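Position chain B relative to chain A; hints supplied.
Number of protein chains: 2
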Amino acid sequence: MKTSLDCIPCFIRQALEVSRLASQDEKIREDIMRRALSCLAATDLTKSPPYVARNLHRSLREFTGLADPYLREKEKHNQLALTLLNDMRVKIDASPDPLLMAIKTVVGANVIDLGAKNNNRAYMQDIPSLLAEAMHETLFGQDAYRQLQYTLAGAENILYLADNAGEIVFDRLFIEKISPEKVTLAVRGAPVINDATREDALAAGLRDIVKIIDNGSDAPGTILPDCSPEFQRCFAEADLIISKGQGNFETLVDEKREIYFLFKIKCPIIASHIGLSVNKHVLVRSNDGISDIGRPL
Amino acid sequence: MKTSLDCIPCFIRQALEVSRLASQDEKIREDIMRRALSCLAATDLTKSPPYVARNLHRSLREFTGLADPYLREKEKHNQLALTLLNDMRVKIDASPDPLLMAIKTVVGANVIDLGAKNNNRAYMQDIPSLLAEAMHETLFGQDAYRQLQYTLAGAENILYLADNAGEIVFDRLFIEKISPEKVTLAVRGAPVINDATREDALAAGLRDIVKIIDNGSDAPGTILPDCSPEFQRCFAEADLIISKGQGNFETLVDEKREIYFLFKIKCPIIASHIGLSVNKHVLVRSNDGISDIGRPL
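Respectively, the protein sequence lines represent chains A and B.
Its first residue numbered 1, the first sequence is counted upward by one per residue in the numbering used here.
Its first residue numbered 1, the second sequence is counted upward by one per residue in the numbering used here.
Since the hints were made in silico from the structure, they are not lab data.
Wrong hints could be hidden among the right ones.
Same chains, same label: a pair holds when it works inside one copy or across any pair of copies.
Claimed, not checked - Pairs of lysine-lysine, DSS-like flavour, derived with a Cα cap of 25 Å:
| hint | residue 1 | residue 2 |
| --- | --- | --- |
| 1 | K47 | K27 |
| 2 | K27 | K91 |
| 3 | K2 | K256 |
| 4 | K182 | K76 |
| 5 | K117 | K76 |
| 6 | K91 | K117 |
| 7 | K256 | K47 |
Quick caveat: nothing in here was measured; it's all calculated off a predicted structure.
Extracted from the complex, chain A is given alone in its bound form (with noise of 0.2 Å):
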């Protein structure tokens, strides 16, 4: 999909928090800012959100030499995570319905998202209480479901496409009622925002059940000519591609195969785009286009 203007904004408060992240020095954080201006005020607007996003934020990291600037963060949210998951666990398997409930908890967990604005997102203080929460949250996504379920039954190569870090480590709770060994998990090619690299999926122990790859691109998405050829081939071999976050379906959405995406609606762009309002947790088939989100779980 394309960017629309009012993601303007957004770029810029992600700018912001780039230069915050960067310097302490006024000046320096100016420059950022005069940076991320030029940079946006060249982008082609036509492209996805997540095509600009990756211009910008690599022009920043050039500019700062900075190459992580949210490598903390990105710790931080994967430390936290792994203190979690044991107990998210065991609430999952004592569900009537632990599949859904682990998407349930899958879903909540992409509220880790420093993309997001910061009513969008979660502090790290709020993140125990949000992912309780996210259990008993309603997903919208009956159909897609049941479906999900039927194609799960007879999937050999399942794709998944990570989002962010911290979020990844709760990722292996869906993964792991999906028999893992049929599970290629992708994260991104290189750091961008927090969303979740080879790193991150190390420190989520994941290599101990799935094949791990990365994509090779440095988009907060997965923008398919900018990915490595293994990557290209997996999601062409794939017969099942599970996709979490707004950045996977923003860039993906329009591709003509069969997407589960799975993600928590962060902006009013996407909010009109699926017909939901802005926090609500979605689970979405595509195929050619967006299914009928169904009734709620």
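Okay, now just chain B, sitting in the frame of chain A:
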């Protein structure tokens, strides 16, 4: 006061609004946004927010060829305000302290601000109820109010700095209480956002009761070196200056003379500067620095 980097998202939002007022064509809107981003990338952020906004809106007027993108909005606000004026006056005169009630009303009217964020400004249909509520809203500035009463009693030459169209209609209610024959009302020298110009003062009928001057500037505030010699003389000679709105506060708070500022706090930067929260209504006295805000009224 200096522009904060946190002001940048606000300028971007204003540019987005101009793009929508200027054209229905998404391509033209995109070009307007590119112009705004380029303009902000090159702006001197050590100046005040109204200085940056002046340059931005000047650049956008030049680019779009529209001398006044907000003209229709300003006319609508003036017309609505005129229909409410008499009722507000009756309520003010029936109150135990009509001067205080008039101040509360005109501070409440400062919510008519198309430069502010959506949740800190009034939608047209909410203006009547917001004004009624403002009469019962706490006004911070008890000490400043006592001093203003004292200063008013001796003042012979009062300069009243207006802020926005629509709002300026209600300013009459306060001016009527402070010897209008001693008041010079100053408006902007040219259109910028929905700030009041001479046309708005005339539409408000204020010519009947006060002398009207414009400040010769197209900034959404009062940048003294940018103002006409006539305005600068009025400013220097006034024995009491009453200033409406945040833009005038941002540009005049560091002046080494007594000024009474009346406004609604519309952003976290100003909230933190004043020590009160966003949306609070204030009467602030400054004289080479802000005096203690004092207890609420």
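Outcome of the hint check:
no.: 1; hint: K47 <-> K27; in the structure: between (32 Å within a copy, 13 Å between copies)
no.: 2; hint: K27 <-> K91; in the structure: neither (49 Å within a copy, 51 Å between copies)
no.: 3; hint: K2 <-> K256; in the structure: within (17 Å within a copy, 51 Å between copies)
no.: 4; hint: K182 <-> K76; in the structure: neither (30 Å within a copy, 63 Å between copies)
no.: 5; hint: K117 <-> K76; in the structure: within (19 Å within a copy, 33 Å between copies)
no.: 6; hint: K91 <-> K117; in the structure: neither (29 Å within a copy, 42 Å between copies)
no.: 7; hint: K256 <-> K47; in the structure: within (18 Å within a copy, 51 Å between copies)
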